[in-house]
Amino acid sequence: MNTEILRRLEVEEFLIREAELLDQQRYTEWLQLLADDIVYWAPVIESVEDRRQTYNRVGELHDMAYFHDTKKTLGMRVERLAVGGAWAEIPPSRTCHFISNVMVESDAGFELTVRSKFFVFRSRLEAEEDTYYGSRLDVLRRTDGQFKIASRKIILAQAVLKSRSISTFF
Amino acid sequence: MSCDFGAMVDEDRGLIDRRIFLDTEVYTAEMERIFRRCWLLLGHESELTNNNDFFTTWMGADPVIVSRGVDGKIRAFLNLCRHRGGTVCRVDRGSARSFLCPYHGWSFANDGSLKGVPALDVGYRNKLELSEWGLIEVGQLAIYKGLIFATWDKEAVSLVEYLGDMAWYLDCMLDRLDGGTELVAGTRRWIVPCNWKHAAENFIGDSYHGPFTHGSVFKVPGLGMDGTRPMDRSEGYQVSPGNGHGVGIWLAPENDCGPGYGHLAGVDTYMGIVADEVRKRLGKFRADRVRPVHATVFPNFSIEFPFASIHIWHPRGPDRTEVRDLTIVDKAAPQAVKDILRHHCMLRQGPAGTWEQDDMDNWAQVTGSASQTTSRTLMANYQMGRGFEFRKESLPGLLDNKLSDINQRAMYARWRELMTEPTKGERDLAKRAHVMDVHPERVDFVAHDDEAEVG
Chain Z
644 MNTEILRRLE
654 VEEFLIREAE
664 LLDQQRYTEW
674 LQLLADDIVY
684 WAPVIESVED
694 RRQTYNRVGE
704 LHDMAYFHDT
714 KKTLGMRVER
724 LAVGGAWAEI
734 PPSRTCHFIS
744 NVMVESDAGF
754 ELTVRSKFFV
764 FRSRLEAEED
774 TYYGSRLDVL
784 RRTDGQFKIA
794 SRKIILAQAV
804 LKSRSISTFF
Chain R
256 MSCDFGAMVD
266 EDRGLIDRRI
276 FLDTEVYTAE
286 MERIFRRCWL
296 LLGHESELTN
306 NNDFFTTWMG
316 ADPVIVSRGV
326 DGKIRAFLNL
336 CRHRGGTVCR
346 VDRGSARSFL
356 CPYHGWSFAN
366 DGSLKGVPAL
376 DVGYRNKLEL
386 SEWGLIEVGQ
396 LAIYKGLIFA
406 TWDKEAVSLV
416 EYLGDMAWYL
426 DCMLDRLDGG
436 TELVAGTRRW
446 IVPCNWKHAA
456 ENFIGDSYHG
466 PFTHGSVFKV
476 PGLGMDGTRP
486 MDRSEGYQVS
496 PGNGHGVGIW
506 LAPENDCGPG
516 YGHLAGVDTY
526 MGIVADEVRK
536 RLGKFRADRV
546 RPVHATVFPN
556 FSIEFPFASI
566 HIWHPRGPDR
576 TEVRDLTIVD
586 KAAPQAVKDI
596 LRHHCMLRQG
606 PAGTWEQDDM
616 DNWAQVTGSA
626 SQTTSRTLMA
636 NYQMGRGFEF
646 RKESLPGLLD
656 NKLSDINQRA
666 MYARWRELMT
676 EPTKGERDLA
686 KRAHVMDVHP
696 ERVDFVAHDD
706 EAEVG
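Note that the protein sequences, when read in sequence, are chains Z and R. FYI, in the numbering used here the residues of the first sequence are 644 to 813. FYI, in the numbering used here the residues of the second sequence are 256 to 710.
By construction, these hints were calculated from the structure, which means they are not laboratory data. Please note: incorrect hints may appear among the correct ones.
As the list claims (entries may be wrong) - DSS-like cross-link-like pairs, simulated, lysine-lysine; straight-line CA separation at most 30 Å:
{"id": "1", "chain 1": "Z", "residue 1": "Lys714", "chain 2": "Z", "residue 2": "Lys791"}
{"id": "2", "chain 1": "Z", "residue 1": "Lys791", "chain 2": "R", "residue 2": "Lys474"}
{"id": "3", "chain 1": "R", "residue 1": "Lys328", "chain 2": "R", "residue 2": "Lys409"}
{"id": "4", "chain 1": "Z", "residue 1": "Lys796", "chain 2": "R", "residue 2": "Lys657"}
{"id": "5", "chain 1": "Z", "residue 1": "Lys715", "chain 2": "R", "residue 2": "Lys679"}
{"id": "6", "chain 1": "R", "residue 1": "Lys647", "chain 2": "R", "residue 2": "Lys400"}
{"id": "7", "chain 1": "Z", "residue 1": "Lys796", "chain 2": "R", "residue 2": "Lys593"}
{"id": "8", "chain 1": "R", "residue 1": "Lys593", "chain 2": "Z", "residue 2": "Lys805"}
{"id": "9", "chain 1": "R", "residue 1": "Lys474", "chain 2": "Z", "residue 2": "Lys715"}
{"id": "10", "chain 1": "R", "residue 1": "Lys328", "chain 2": "R", "residue 2": "Lys586"}
{"id": "11", "chain 1": "Z", "residue 1": "Lys714", "chain 2": "R", "residue 2": "Lys474"}
{"id": "12", "chain 1": "R", "residue 1": "Lys586", "chain 2": "Z", "residue 2": "Lys796"}
{"id": "13", "chain 1": "Z", "residue 1": "Lys760", "chain 2": "Z", "residue 2": "Lys714"}
{"id": "14", "chain 1": "Z", "residue 1": "Lys714", "chain 2": "R", "residue 2": "Lys593"}
{"id": "15", "chain 1": "R", "residue 1": "Lys539", "chain 2": "R", "residue 2": "Lys657"}
{"id": "16", "chain 1": "Z", "residue 1": "Lys715", "chain 2": "R", "residue 2": "Lys535"}
As the list claims (entries may be wrong) - Computed from the model, here is a short list of chain R residues facing chain Z with C-beta under 7 Å:
{"id": "17", "residue": "Val346"}
{"id": "18", "residue": "Gly349"}
{"id": "19", "residue": "Ser353"}
{"id": "20", "residue": "Gly419"}
{"id": "21", "residue": "Ala422"}
{"id": "22", "residue": "Ala440"}
{"id": "23", "residue": "Gly441"}
{"id": "24", "residue": "Leu478"}
{"id": "25", "residue": "Thr582"}
{"id": "26", "residue": "Lys586"}
{"id": "27", "residue": "Arg603"}
{"id": "28", "residue": "Ala607"}
{"id": "29", "residue": "Met615"}
Claimed, not checked - Some chain Z residues judged to face chain R by a derived CB distance under 10 Å, without partners named:
{"id": "30", "residue": "Ile659"}
{"id": "31", "residue": "Val682"}
{"id": "32", "residue": "Glu689"}
{"id": "33", "residue": "Val691"}
{"id": "34", "residue": "Arg700"}
{"id": "35", "residue": "Gly702"}
{"id": "36", "residue": "Met707"}
{"id": "37", "residue": "Met719"}
{"id": "38", "residue": "Gly727"}
{"id": "39", "residue": "Pro735"}
Ideal Cβ placement from N, Cα and C applies to all residues, glycine included.
Isolated chain Z, as found in the complex:
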């Protein structure tokens, strides 16, 4: 039991520090937390009826997603924010990333599967406000005594996103 609590605290600590880097927009440092082979994606969600059953269908890997990035394309996104003219972040948004409900689902030693919830508020311009919320499924990899994010699936709970744009990361 003790080991499980300690492990969850260790994972939570990592995720909270990661969220802080995003809120402070220290994206170059954030990129260093990502494994080189990361799959970072946010599928769309649609409500479906089939044979009189209804359910929410989460997109699959070959479907259109809000984004589906590699470390290379995440690097391009981060670079774009820094080169000037990325108007969705001029002036920069003010965000609060809340990460909670952290659960270590499995631990294979080398890699852990972790579920968490996020609630992100974005305050833009004077009083524009966007909210994003949902669940994440991460694979965290132990590398040289620290975690790297080997994959992250972000499921935004809104079927119709109530935000004009996504200019932050989750």
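Dock chain R against the given chain Z, drawing on the hints supplied.
Only chain R this time, still in chain Z's reference frame:
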């Protein structure tokens, strides 16, 4: 009519009264005069592969169900229970033979007919005429090369006539290969706090904003349009093919017109392989040299090429637009090519797209400023290229150079036409007034005719 819509657009002088973007009276009239009369894009045929497949979407402010019936026929209905107005289908898509209103349990077959009414005997004493209370079907539905369109207007011109010369450009993505196109699964939807026209006009002809709004992407290798054929060597045109539609194209130079756009390596190789078949279908000139970049089919169906990211701008109030984003690819393309295009669209388009995310604050602000006291008194400027329009034998439509407001002016001219052209109801009223004036003895007959028509 207390609001003079005709005076709000002066396309000859390139001036637009900015109240058209935010006034409720304008918006309400648009829903009736534009969205109940025009052909509107519903989706792609490949969304309804099997009988009983359906999806829900919008036609203007009206929610609709688009369904392939048991008989294989595609129909579209108002998503509205005729009893009290409940929503008969609450999900985004799926497969169903019938739709059940959750309120009192009226059920409708997917051909629209009312099939089940609880307590039909003890409640209605079997006096309800079921055939009169089916789902309301659209006025006309037609498919153009895979794209499903509908209009509420039974008297509207045919879809082919409505698209007119725009079809010549749409075919560059829809009619390249045998088998046509298919939709990539996964429909992205999001809400932009802007008027639907600001989104539509951006896609119809606004090359002007590219280097400014999207300045950042050109500084990051892989995000811009950099590739094997620099775009500044191509001729660029805005084309206004009529009926309020518009498209921006590049005309690849004759001596350097390899297949593709030049900035998607794998896709250009593929386009090289299929080039001969495309030439057979589109002709050598169109296949090799005409490269549509952006377009809007009036009123709210926009495209970002190549292949395509389709955006349908659903008006959800004067200052709210729900974007429905569909990605289509050649059905016959190898999976690897489809994947490249999917990633291309995800990295650039959509709410998180590195291009598109920078558009939305602009649209929100130009809409929002239409509520400001002084701003409301100032006309917006659509004068670029005014008086310099020209024709070119090889390209259907009226043209101007890439940087021009020609297409926006054509879009708002069509808007003005529709907003001032009387609706059928108004024509009938006018007819009645005329008869009352000239033949007062016939008024009773006219009233009787009208009732018959409504019934």
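Evaluated hints:
1. For a cut-off of 30 Å, the pair hint linking Lys714 (chain Z) to Lys791 (chain Z) stands: about 12 Å separates their Cα positions.
2. Taken as a hint, the Lys791 (chain Z) and Lys474 (chain R) pair is honoured in the structure, with Cα atoms around 29 Å apart against an allowance of 30 Å.
3. Taken as a hint, the Lys328 (chain R) and Lys409 (chain R) pair is honoured in the structure, with Cα atoms around 18 Å apart against an allowance of 30 Å.
4. Between Lys796 (chain Z) and Lys657 (chain R) the CA atoms are separated by roughly 41 Å; this puts the pair beyond 30 Å, and the hint is violated.
5. For a cut-off of 30 Å, the pair hint linking Lys715 (chain Z) to Lys679 (chain R) is broken: about 57 Å separates their Cα positions.
6. Restraint check: the Cα-Cα separation between Lys647 (chain R) and Lys400 (chain R) comes to about 26 Å, which is no more than 30 Å; the hinted pair holds.
7. Annotation: proposed proximity of Lys796 (chain Z) to Lys593 (chain R) holds, straight-line Cα distance about 22 Å (limit 30 Å).
8. For the hint linking Lys593 (chain R) to Lys805 (chain Z), the alpha-carbon distance of about 28 Å falls within 30 Å, and the restraint holds.
9. A hinted pair counts as satisfied when its Cα atoms are at most 30 Å apart, and Lys474 (chain R) with Lys715 (chain Z) qualifies at roughly 16 Å.
10. For the proposed pair Lys328 (chain R) and Lys586 (chain R), the alpha carbon gap of about 22 Å is at most 30 Å, so the pair holds.
11. A distance of roughly 19 Å separates the Cα atoms of Lys714 (chain Z) and Lys474 (chain R); the hinted pair therefore holds under the 30 Å criterion.
12. For the hint linking Lys586 (chain R) to Lys796 (chain Z), the alpha-carbon distance of about 28 Å falls within 30 Å, and the restraint holds.
13. A distance of roughly 22 Å separates the Cα atoms of Lys760 (chain Z) and Lys714 (chain Z); the hinted pair therefore holds under the 30 Å criterion.
14. The hinted pair formed by Lys714 (chain Z) and Lys593 (chain R) meets the criterion: a straight-line CA distance of about 21 Å does not exceed 30 Å.
15. Distance restraint check for Lys539 (chain R) and Lys657 (chain R): the Cα-Cα separation of roughly 23 Å lies within the 30 Å cut-off, and the hinted pair is therefore satisfied.
16. A hinted pair counts as satisfied when its Cα atoms are at most 30 Å apart, and Lys715 (chain Z) with Lys535 (chain R) does not qualify at roughly 39 Å.
17. Using the Cβ-Cβ criterion of 7 Å, the hint placing Val346 (chain R) at the interface with chain Z is satisfied: the shortest such distance is roughly 4 Å.
18. Nearest Cβ of chain Z to the Cβ of Gly349 (chain R): about 4 Å, under the 7 Å cut. The hint holds.
19. For Ser353 (chain R), the interface hint is violated, since its Cβ never comes within 7 Å of a Cβ in chain Z; the closest pair sits about 10 Å apart.
20. Hint status for Gly419 (chain R) relative to chain Z: violated, with the closest Cβ pair at about 30 Å, above 7 Å.
21. Interface restraint check for Ala422 (chain R): the shortest CB-CB distance to chain Z comes to about 26 Å, outside 7 Å, so the restraint is violated.
22. For Ala440 (chain R), the shortest C-beta to C-beta distance to chain Z is roughly 4 Å, which falls under 7 Å, so the interface hint holds.
23. Taking 7 Å as the C-beta contact cut-off toward chain Z, the hint placing Gly441 (chain R) at the interface holds, the least distance being around 3 Å.
24. Annotation: interface hint on Leu478 (chain R) holds; nearest CB of chain Z at approximately 6 Å, less than 7 Å.
25. With a cut of 7 Å, the hint placing Thr582 (chain R) at the interface with chain Z holds, because the nearest CB-to-CB distance is about 5 Å.
26. Because the smallest distance between the Cβ of Lys586 (chain R) and any Cβ of chain Z comes to about 15 Å, over 7 Å, the interface hint for this residue is violated.
27. A least Cβ separation of about 11 Å between Arg603 (chain R) and chain Z goes past the 7 Å threshold, and the interface hint is therefore violated.
28. A least Cβ separation of about 4 Å between Ala607 (chain R) and chain Z falls short of the 7 Å threshold, and the interface hint therefore holds.
29. Because the closest C-beta pair between Met615 (chain R) and chain Z is about 4 Å apart, less than 7 Å, the hint holds.
30. A hinted interface residue such as Ile659 (chain Z) counts as satisfied when its beta carbon comes closer than 10 Å to some beta carbon of chain R; here the least separation is about 23 Å, so the hint is violated.
31. Hint on Val682 (chain Z) is violated. Least Cβ distance to chain R is approximately 12 Å, over the 10 Å limit.
32. Residue-level restraint check for Glu689 (chain Z) holds (minimum Cβ-Cβ distance to chain R is 4 Å; threshold 10 Å).
33. The restraint placing Val691 (chain Z) at the interface with chain R holds, with a minimum CB-CB distance near 5 Å, inside the 10 Å limit.
34. Hint status for Arg700 (chain Z) relative to chain R: holds, with the closest Cβ pair at about 8 Å, below 10 Å.
35. The interface hint given for Gly702 (chain Z) holds, since its Cβ lies 4 Å from the closest Cβ of chain R, which is under the 10 Å cut-off.
36. Hint status for Met707 (chain Z): holds, given a least beta-carbon distance of 3 Å to chain R, under 10 Å.
37. The criterion of a C-beta within 10 Å of any C-beta in chain R is met by Met719 (chain Z), whose closest approach is roughly 5 Å, and the hint holds.
38. Using the Cβ-Cβ criterion of 10 Å, the hint placing Gly727 (chain Z) at the interface with chain R is satisfied: the shortest such distance is roughly 7 Å.
39. The criterion of a C-beta within 10 Å of any C-beta in chain R is not met by Pro735 (chain Z), whose closest approach is roughly 13 Å, and the hint is violated.
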